[in-house]
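**Student:** Using the sequences and the accompanying hints, generate a full structural model.
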Amino acid sequence: MRLAIAAGLVLAALSAASTSRAAEAEKPKSVSWAHDGVFGTFDRKQLQRGLKVFMGSCATCHSLRQVYYRNLVEIGLTPSEAKAVAATKEIDEIGDDGQPKKRKAELKDRFVSPFPNALAAAAANSNKAPPDLSLIVKARAGGADHCYSILTGYSEPPKDWKDEEGRPRKLEGAQQYNKYFPGEIIVMPPPLTSEGQIDYGKDAPKATVDQMARDVCAFLSWAADPTMEERKRTGIKVVLFLLLFTAVFFVIYRRVWKNVH
Amino acid sequence: MSAMPTTPQPRWMRWVEQRLPIFSFVQHFNEYPTPKNLNYFWNFGSLAGITLVIMIVSGIVLAMHYTPHVDYAFDSVERIRRDVNHGWLLRSMHANGGAMFFIAVYIHVFRGLYYGSYKAPREIVWWMGIIILLLMMATAFMGYVLPWGQMSFWAAKVITNLFSAIPLVGEDITTWLWGGFTVDQPTLNRFYSLHYLLPFIIVGVVVVHIWSLHTVKSGNPLGIDVKSPKDTIPFHPYYTVKDMFGLGVFLLIWSIFVFFAPDFMGHPDNYIPADSQVTPPHIVPEWYFLPFYAILRATPDILFINAKLAGVIAMFGSILLLFFLPWLDSSKVRSANYRPAYRVAFWILVVDCIVLGFCGANPPEGAWLHISRAATAWYFFHFLILVPIIARVETPKPLPFSISEPVVKPAVARA
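Sequence lines, in order, name chains A and B.
FYI, the numbering for the first sequence is 1 to 261, going by the working numbering.
FYI, the numbering for the second sequence is 1001 to 1415, going by the working numbering.
Honestly, I wouldn't trust all of these hints.
[Unchecked claim] Computed Cβ-Cβ distance ranges for the label pairs, DEER-style: (1) K1332/B / K27/A: 50 to 58 Å; (2) E164/A / T1175/B: 33 to 41 Å; (3) L1197/B / L243/A: 32 to 40 Å; (4) G1204/B / R103/A: 48 to 56 Å; (5) F1181/B / L119/A: 18 to 26 Å; (6) F1324/B / A34/A: 54 to 62 Å; (7) L1384/B / L119/A: 49 to 57 Å.
None of these hints come from the bench; they were simulated from the model.
Only a predicted model underlies this, so the values are computations on that prediction, with no experimental measurement involved.
We treat Cβ as the ideally placed atom computed from N, Cα and C, and that holds for glycine.
**Tutor:** And the structure:
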């Protein structure tokens, strides 16, 4: 038994060492999020600022297909505010006369995608469609930390930048250097570049690049897992119940077995 | 089963009993004489059974909301997570439940290996168990394909492609499995159908597993036969309460995953919709398949058999050889507690399987490839060579006389 446990630990360490080498991207910066931990909840104000960053910057190229405008009420917008966000976009539909027409998006609609289809998205973006962001936080190892690290991780490539075989590397065309991105080359231009790029309005922290990156990654964490708060709340109750259940049956078990020798 | 309840029954109960002996059947389960010395490793059979029920119930509700179509499957799972009432709970319970099921069953299997549960007269119980394990693997694999994420798709591709290694008919079999010329709509649709069907077949085999068990009766940690009624206690209430306590602990662990780390055992890539044009850098199965994946990838060309076919044979062989274990291990002593050499070999096997798990998680290159090969070789060496040899040369420790009188017999004939 001890042999098995020891072997497991040694292998876990070996395995961690070799996978971090294989991924060849820098480990993401560690950020403290309001939604971390067993009792963590989303910071509504932060999510609302994140929504502004998303609408003002990301939404130009990225879709958010799994989120509906009605969901914005969950991050603290009033229904009329959510309606106003929806109304900034138009969608195609078939009218009563059977002819195609456009109408303003409503609460019942999914977030409107910036491109009509994946081919159009690829054609407008160096032949690679920008990924949908609804689940990006769940779809990347490192989650929200990874998201934040990418957004704040742009820099000049190192002076003696070389590939695995020691040949010098350089950026071409639209390529950008970002040490947190697998392969270190990303085609997305830095989306957040200057302080005040997004208007945060009054009673809000300064819209620094760092703050905007945090806010939009918090928003995307919510978009990827909107039932997180309900999940944790339910979880605490379930665990408390099961602790009681287990304790009661342990006592009964010991009593019932008292006379078995 | 023959003993009728001793208390007088109401007339309607007697009426039913004469036509359908349901009450004596329940009575049988209550009175099932069980060795009184079972340790906590004997909890995992009933845990696996309860997990199967939870999986079927949550799965049936999920099926009400899931759409088995390549264009809608991914979105329908997201809809379950977001819009279906408590859909996030069902989905998380079911996805993590697969892993919990394997945890329970693997412990159950290793308990069987340690305490010699495959030996006479329990060979058929053991065989039914292996069939259940194989069916579970097929079910889990097809279930993993249903969300139609990147790992779903590529796992389906890799695993179904294995069949193309079969000489002559391999390609045709693969096309037949796919229902086309690649993993696509027909594949997803049939996997859904089979993923719904197989759990009920598992229930059927579980019934036979328990039927056979209740005929030959449960083994015990001493590995000796029950000698007198003093050695046993009725299943109810003794083991029902003990199982309930075990269930509480098991559900607590399951809940921690479900509510606080729902994606801990999953792969991030499965939150990316399936894309046949983009191959993930590392295709890995769920953790409970990693040892088998390591065996598959470790096997080199063997004589005239190419590496792919050899890998497939080794992977399936690693489970199929368990069918022969009752003959491979000819020792009459069941419990490893009285078999010093087998006991050491057992723990080395446990380590070997853990090593194989880590090998499966890492690309088969460099040191990992060598470790995979060594660990795979050891796995087969253990069952095919070491166990038969130990059975012949080992001197077991003296066995106790009976469960209730743990007096050691002066000597035990060599098995």
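**Student:** Take the hints in turn and mark each one as holding or not.
**Tutor:** How the hints compare with the structure:
1. Distance hint check: the CB atoms of K1332/B and K27/A are about 55 Å apart, consistent with the given range 50 to 58 Å.
2. Distance hint check: the CB atoms of E164/A and T1175/B are about 38 Å apart, consistent with the given range 33 to 41 Å.
3. Here the CB-CB span from L1197/B to L243/A is close to 37 Å, well matched to the stated 32 to 40 Å.
4. Range check, G1204/B to R103/A: about 54 Å between beta-carbon atoms, so the 48 to 56 Å window is met.
5. At roughly 23 Å, the beta carbons of F1181/B and L119/A sit within the given window of 18 to 26 Å.
6. Range check, F1324/B to A34/A: Cβ separation about 57 Å, and the 54 to 62 Å hint holds.
7. Judged by the Cβ atoms, the range 49 to 57 Å given for L1384/B and L119/A holds: they are separated by roughly 55 Å.
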